[in-house]
Amino acid sequence: MSNLLVVTDAILGEAEIENINIVRSGEDPDARDDIRVIVPTEMNKRLWLEFLDQLALLDFEEAFRVVSHAEKGPATLRADAEKILEGSLQTLSDAGLPGRGRVVEGEPLRAMREEVDDGIDQVLIITEPHPVEDTLNIHWSNTAEKTLGVPVLHLYWGTGHVDD
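Those letters in the sequence shown? Residues 1 to 164, per my numbering, in order.
To be clear, the hints were calculated from the coordinates, so they are not data collected in a lab. Some hints could be false.
[To be verified] Beta-carbon label-pair distances, calculated as ranges:
1. G96 - L55: 36 to 42 Å
2. F64 - R102: 29 to 35 Å
3. G106 - A15: 27 to 33 Å
4. D121 - L58: 34 to 40 Å
By construction, the Cβ of each residue, glycine as well, lies at the ideal position given by its N, Cα and C atoms.
Sequences and hints are given; from them, build the entire structure.
Dropping the structure here:
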């Protein structure tokens, strides 16, 4: 049995289901997996770094959204995260995968630690690319890799590209 934690900031799609199945491929196909999904309301982003990330990707529209996102209140952020969680659980269900999840507020690493303490044995973090943070190894996913004590794989949303 595999206990997989998926941490995402976007609704899971076909590429993410493929990646989940790849991670599960070494498991007994008859084993009952426990797939849990965490969607943080806010990833404690440094806005200037996120802004630079989007500029590095030449995504000027997203760079503008990053700046305007800073003005969203807690209720809006929670509603956005709830939609992401609901859509992701539906995607898992449509793919025949069992899943349950929750929205977490504040630091995602604390919630990830709670899940690991509750039996999670591997973590799949799925985010948009963060060129500046990933190059400098200062993204929170790097901290998760160093501190959780279980295998952590950081993938870019919509691809199979691994952040190394």
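What are the numbers of the hints that this structure violates, sorted from low to high? Violated: none.
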